[in-house]
Amino acid sequence: MPDYNEFLARIFEILKPFAKQGLILNEETELVTDLGLSSLQVMELIERIEDHFDMSIPLNILPDIRTVHDLAQQLEKLTRS
Amino acid sequence: MSLFDKFQPIIDIQAELQALGVMPFGAITEKLLSSTEAIVDGHKVILAGTNNYLGLTFEPECLEAAKQAIDELGTGTTGSRMANGTFAGHVALENELAEFFDRRHAIVFSTGYAATMGMGSTLAGPGDVIVLDADSHASIYDGVRLGGADVIRFRHNDPADLDKRLRRLGDRIENTLIIVEGIYSMMGDQAPLAEIAEVKRKYGGLLLVDEAHSLGMLGAHGRGVAEAAGVEDDVDFIVGTFSKSLGAIGGYCVSNHDQLNAIRFAIRSYIFTASPSPSVIASTRAALRLMQERPYLRDQLWANAQRLYDGLQALGLQVSPQVSPVVAVTIKDRNQAIDWWNRLLQLGAYVNLVMPPASPGDDSLLRCSVSAAHSAEQIDRIIDAFASVQGSAQAL
Ligand SMILES: Cc1ncc(COP(=O)(O)O)c(C=O)c1O
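Chains as they are written, first to last, in numbering that gives the first Met the number 0: chain A, 0 to 80; chain B, 0 to 395.
None of these hints come from the bench; they were simulated from the model. Ideal Cβ placement from N, Cα and C applies to all residues, glycine included. You can take every hint at face value.
Label pairs and their in silico Cβ distance ranges:
1) B/334 <-> A/77: 37 to 45 Å
2) A/46 <-> B/9: 22 to 30 Å
3) B/66 <-> A/77: 55 to 63 Å
4) B/12 <-> A/27: 30 to 38 Å
Whenever a hint applies, use it, and build me the whole structure from the sequences.
Dropping the structure here:
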């Protein structure tokens, strides 16, 4: 089972192209406010994580996710349940 | 900060459109000339985006049935099915739907939205799982969110992706509802239901299919994609609407599961709303009968669909992936889509303008839908209108 740090590393990798000049991705980076992801792009991010870790991510967790940290934490929670 | 802040993006778009001089979502149909022609915003137009697939909205038998119901039963039931709102017609329609679909049970709802939303929110609750096609209609998304089950999407029309997701569920498959549509409302593409049913047989779960846009269009009896694919036994629930091929308003769910009679009393969108008006029930019953008596309407519909699809494709437009009564033209740029929509209207073709998030991707759509009642000449006029808008765009 992947842990928090593995999820984090993967998320950073997927998000790298979205980090505009000068922005350094960290756990507190906000997906929508800082990176400007559209809802469609958030879904793409989710799909890529699903494929990579061979897991399904329920839509229900999305309202609780604002930052990279939130996402990694929710993913870790999912693998534990 | 105020409650109104979140509406600012809509207000901004409205202002932008007003500056362009078009109000695409405020077009007013002033007069109906027939089931395929109308006066819209002062223009005489061919109705090319109405979902009136079988063209039954002005059928004399439907009009007569509705008028008689108004005379005998009044304008409305003024109550819920569970209180004073169950009239003989509602029960008769449920029986007729069950018979038509060859299933034991049927429920009639006040709208298709209430049917889909209600079934989605009631069948699966907290602790249960919903696995749905990513391009599902808003009524499906609204329902499953309300129900509180874990909601998992699979890639649009991708049985292999569905397979992966059902496999990952393990034991939870026992509490899982799979939801797909028959014909997808925006692009008109069909679900690969035979393959989806095969995946369901492999893992389990229950399958609900929303045939809103396929009733009367496919299958030997016109029961939809499930019938056409030969997998009706694998489909646990079919939901749909009276607002498209049957030309009225209202929705239904049919099933062979005896539990449907208990589920009925748990669906809040069935209980806490007034039942359909008697005239609506009467015209729907007449339309359901006519749909069965006139299978040739289906052939006309598909001939028209093919004609429009071929014509628009020949113009080099980016049409939807599959021939169907819904023919969507993708226009990447939103403002261009608005401009084209506006000019099509002026040229006498009234189509649907669909922008994200209502369209499946980032693009906008000019969504056309054909009717069995369109003449070949009307279809050609729709194509001509597109050709002329495209021609003037290229001349720029
Ligand atoms: C797939 C689908 N389901 C449900 C509905 C809701 O039906 P109605 O408009 O009749 O309420 C629609 C149409 O709007 C639809 O396209």
